[in-house]
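Chemist: Chains as they are written, first to last, in this note's numbering: chain A, 932 to 1011; chain B, 259 to 592.
Please keep in mind that the hints were generated in silico from the structure rather than gathered at the bench.
Since the structure is predicted, the reported quantities are computational estimates derived from the model, not experimental observations.
Watch out, some of these pointers could steer you wrong.
[As the list claims (entries may be wrong)] On the chain B side, residues computed to face chain A include the following (Cβ under 10 Å):
#, residue
1, R297
2, S301
3, R525
4, K563
[Stated by the list, open to error] Stretch by stretch, here's where chain B covers chain A in the computed footprint (C-beta under 8 Å, at least three residues):
#, segment
5, 952-964
6, 985-993
Think of the CB as a built atom: it goes at the ideal place given N, C-alpha and C, for glycine as much as any other residue.
If you want the building blocks of each chain, they are given just below.
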Amino acid sequence: MSTILETATRILVDKFDASAEDVFPDAVLEDLLSDSLDWVEFAVAVGDEVGTRIRDEELTDVRTVADFVAVVEEKVGALK
Amino acid sequence: MSYHSAVLSGLGTYLPKQIVTNREVAERLGVSDEWIYKRTGISRRHRAAEGQATSDLAVLAGEAAFVSAGMRHVDAVIVATSTPDHISPATAPEVAARLGCAGAAAFDVGAVCSGFIYGLATATGLISAGIADSVLMIGADTFSTIVDPHDRATAIIFGDGAGAMVLRRGEATEPGALGPFDLGSGGEHSDLAAVRDGGSRHKRSTSPDHEGDYFRMNGREMYSHAVEWMTESSRKVLARTGWSLQDVDHLVAHQANARILATVAQRLGIAPDRCVISIEHTGNTVAASIPLALAHAARAARLRKNDRVLLTAFGAGLTWGSVAMTWPHLDPST
Chain A
932 MSTILETATR ILVDKFDASA EDVFPDAVLE DLLSDSLDWV EFAVAVGDEV GTRIRDEELT
992 DVRTVADFVA VVEEKVGALK
Chain B
259 MSYHSAVLSG LGTYLPKQIV TNREVAERLG VSDEWIYKRT GISRRHRAAE GQATSDLAVL
319 AGEAAFVSAG MRHVDAVIVA TSTPDHISPA TAPEVAARLG CAGAAAFDVG AVCSGFIYGL
379 ATATGLISAG IADSVLMIGA DTFSTIVDPH DRATAIIFGD GAGAMVLRRG EATEPGALGP
439 FDLGSGGEHS DLAAVRDGGS RHKRSTSPDH EGDYFRMNGR EMYSHAVEWM TESSRKVLAR
499 TGWSLQDVDH LVAHQANARI LATVAQRLGI APDRCVISIE HTGNTVAASI PLALAHAARA
559 ARLRKNDRVL LTAFGAGLTW GSVAMTWPHL DPST
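Build out the structure end to end from the sequences listed, making use of the hints.
Modeler: Quick look at the structure:
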């Protein structure tokens, strides 16, 4: 089973045209997503795959890929 | 007492003659034509002429709906708008009078981009309760009057327009019957898209540059809520109809932004070729967007008699709503 980091990385590469080598935990998400609406689409895509709903207000303090993964891991963990 | 359904019997639209291209908007905002198209799926929008008010658009769409329905009188006229001619009175009575329906019940519904669905639900209530046998439901907005032409978040998106439906009393099993519905709201987020001044909270402009007179929107948060609530509301209506996702021939969502439509369809699991997208040539026409999208699809012969159609909308407020219907035989008019 894929980790959330692997899922997020695959979606960034497949859906948002990021280069695989540019996606790593400390990469800044703003550099990988072209505009603010991409953030919503990215959160929806990851949320649908891992079975949770990631609200936009939960991403207020998210800067890096690792920050994003931490938010999702906490949500998924809370569901278990 | 027997309950009746509201049945669609006429569809009409009106778009102002003046067209505003992406190039014109892009030059003003210091962006490119492609930048706008890529973010919104919009290439042009219509703008009401100087002095052309929301009621003027509403009357023309209403007349077209009467032509389509082959009738000239209704018991009630509802106008969904958030850009009424005046703060008071409502726009609908004047529209009714100009359409030759003087004496008909007439009032406005304010639910911004969900206004048309809210209005359809209200019209259905009037018909089901035996208060009216026929209703003219109009969605009309002139957002050009409240959009700041230098605001990237709104100036690229909104366009003016009107669409109207004639509804008559009928049976739930007939093609054209509306329902079931789902309506909802989230007023704790009312600040995400709003005109601050001009109402009873701040009666007059509170800043010299008239900042509070413009419609301001947090696009990213509205996008997030739009995806969530249009999906949720659509699922509720499907559960009430007993339709599966495969049964939906056409998803007609409020035309806010092509990307929102694609994301909603994807979340619901409805294939892109079953989504009606008409935003490219109109922009987001607020309360008019659902009838304009339906007319666009009907004129392209995409909507056929007995097709199962799911309508869903989301707007400022927050408000959202959805309704299922089977498509009747009709010719939309302009």
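Chemist: All the hints need checking, so say for each whether the structure fits it.
Modeler: Taking the hints in turn, this is what the structure says about them:
no. : hint    : in the structure
1   : R297    : 6 Å, holds
2   : S301    : 18 Å, violated
3   : R525    : 6 Å, holds
4   : K563    : 35 Å, violated
5   : 952-964 : violated (count 0)
6   : 985-993 : holds (count 3)
Going down the numbered hints, you'll see the structure goes against 2, 4, 5, while the others check out.
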